[in-house]
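Given the structure of chain A, go ahead and fit chain B onto it with the hints provided.
There are 2 protein chains.
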Amino acid sequence: MDRNGRGRCSTDPFRLTEYEGALWGRGASASKGPALCWLHVLEAFKQRGDEPPVNLRLIFDTAAEVGSPGLPSLLRERRRALLRDVEFVCATVGQRVGKRLCACHAARGLCYFHLTVAGAERDAHSGACGGVMHEPLGDLLFLLDSLHGKGGRIAVPELLEDVVQATADEETSYSRMELEMEDMRRHAGNANLLSGESKTRLLMQRWRMPTITLHGIEGAFSEPGGRPVIPRAVVGKFSVRLVPNQRCERVARGVRRHVAAAWQQRASPNSMTLHLTAAVEPWIESAGTKHFQASLRALKLVAPVVEPETGRLGGAVPGAPVLQALTGRSVVVLPLGGARDTARGHNEHITLFDYMQGHRIVAAYMQEIANMK
Amino acid sequence: MDRNGRGRCSTDPFRLTEYEGALWGRGASASKGPALCWLHVLEAFKQRGDEPPVNLRLIFDTAAEVGSPGLPSLLRERRRALLRDVEFVCATVGQRVGKRLCACHAARGLCYFHLTVAGAERDAHSGACGGVMHEPLGDLLFLLDSLHGKGGRIAVPELLEDVVQATADEETSYSRMELEMEDMRRHAGNANLLSGESKTRLLMQRWRMPTITLHGIEGAFSEPGGRPVIPRAVVGKFSVRLVPNQRCERVARGVRRHVAAAWQQRASPNSMTLHLTAAVEPWIESAGTKHFQASLRALKLVAPVVEPETGRLGGAVPGAPVLQALTGRSVVVLPLGGARDTARGHNEHITLFDYMQGHRIVAAYMQEIANMK
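Sequences listed follow chains A and B, in order.
Per my numbering, numbering of the first sequence is gapless, rising by one per residue and ending at 373.
Per my numbering, numbering of the second sequence is gapless, rising by one per residue and ending at 746.
Derived by calculation from the structure, the hints in this document are not laboratory data.
Just so we're clear, the structure is a prediction, and the values are computed from it rather than from any experiment.
Just so it is clear, CB atoms sit at the ideal spot from N, CA and C, and this is done for glycine as well.
Take the hints with a grain of salt, since some may be wrong.
Said to hold, decoys possible - Some but not every residue of chain B turned toward chain A, in silico, with C-beta under 8 Å:
1) G492
2) G503
3) N563
4) T584
5) R605
6) A651
As the list claims (entries may be wrong) - Cβ pair distances, simulated, as ranges:
7) B/P597 <-> A/L16: 27 to 33 Å
8) B/P530 <-> A/E180: 43 to 49 Å
9) B/P530 <-> A/G149: 20 to 26 Å
Stated by the list, open to error - Stretch-level coverage of chain A by chain B, calculated; a stretch enters the list once three of its residues show a Cβ under 8 Å from a Cβ in chain B:
10) 114-123
11) 344-351
Here chain A stands alone, though its shape is the one from the complex (with noise of 0.2 Å):
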């Protein structure tokens, strides 16, 4: 969370408030809440004086909303130690969607970009030089609003390339996943959903669909009122949500191909650098799997009325792919947290009742993966 947010929370993001049914404060959701569960389980068993049912090894990411960019190296270095004998992984990252409880088996991935044009040496008045030079902000919004095409579309043709194309079972598990629009558009905060009212779009939208978000600019006046300034230099902010087949690498070559083409249209005398920042790979794997289906028998243990949903996650988790390449082992994501949550956002929190739960599913999980040995 930036500093300045900490103004706009209701209570101290940094400090655990309890109140209405729920934690509050940073991490409460995504992901010290979910990580104390299983801390938790292990203490109980210690004070029961029991072993866990299976061995446990924590690995804990702290650095995953920057794309954790050192996990790669340190897992593939530290492989002997601290991934030997690894047969199932399991992370309880991420935020159910519906109302049931869900396991996942994708992410989508991530390649965050700072597109840069500097023109001058310091920032100008309007009144003096406006008309006199090229300005950045201009060439760096005609860059950023060229990545997107007519209504909104992707503009980059690479990025809708490699996209792995839905079954139609997979289209039908979308239409059965308990879902209230109204859920998502309050989850959203947006009245306007881009899939209207089909709930089959809305999932695909989200989770096997690449996006291009703009998030902002640096250097720009950012402030309440009025300044008459030329900013010297602009860095944008946006990032590519990479589906299953697609790579970072030929993601970032793609969007970097079409911002040197639109640079060259706009023919400017500016200079203009684009650094990709954080990329982190999507991951996928089957539903059928027996570690899959051990980890549905947990969250039916759990919560028996009804079937447990397979679903997949927007966001990025940088330790999936990471994993599952090293170990050739089957992943799986339990999301404990729920979908209004507002993980990583403002006023952060989990509910008691999910928080709770969330222990009962990591201590069925580990008896159910127990069971198939």
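For chain B alone, kept in the frame of chain A given last:
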């Protein structure tokens, strides 16, 4: 000056500091320093026991930086008390562009706009919500980028109308101005001027051509680093510099029409609003009036070796068109500051030479006016 700028200044901008032959601090050149010249000259007359050669009425406009929203109505209301018997109007604002002393007879105007696109109740996360909704920042960038067409030219037709055509005499006067392109490049902090090496083109772009400058965006991610936020609502800040004979009302109408058309083309379900937050009419007078000629004589008295120049201001002088209209008298602007003062910017200063010379210009102007009568 914005508070954040404080850290980028070599001296505390709110504490006047003398070093390297200049006075450094906010307002040193625009326009507390020049305002002091009038007070000191009056003080000198008083100390000598002399009457000033003319009666003075001093008006200090402290809100010029935001377009002086209250000035026209205040002057209109107090017209009888403040403007009765006024025969000549002189403003010591702005900075010289060239090397020689200069009297100005025109200034560009200003229409400052806040363009808001709002889509959601709160910021969202691009992992959870990227692809789910129309993102307001994408809409805003589309609208802002639409203000300029190919090659960075203004795309709002109304903004290119009503521009007074340059006479051959006028163009010649530009080419005669003593101005080093290298100085102008330094002033703009920019090596790539739109004018190339043409002095005439540069001065016309700066003084008599309308321009649109994009200043920045409020509400989006503007800090260093990366954050995967989808901003809920964003405000784009941009302004138009108006030239004689343009009128704020007509320019604002043109911008409104253009933005509304672009918005319709975008077909977004988000909400869009456009506010005109500051409006200053451009101002122009004949350089042939007796008043203007007396002003030039005053400058010649102070610096007798070379002819003073006649020029314009690229910035807006809110008082000039209002005082011109309310008094029906001729207005002249005498810029006392130099081209490199970085007025209204960081490290603003006025050289001791210009500051002391400013006192002489004010005294000489008063004397020349007295001689006319």
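Find the hints from earlier in the document that the structure breaks and name them by number, from lowest to highest. The structure breaks none of the hints.
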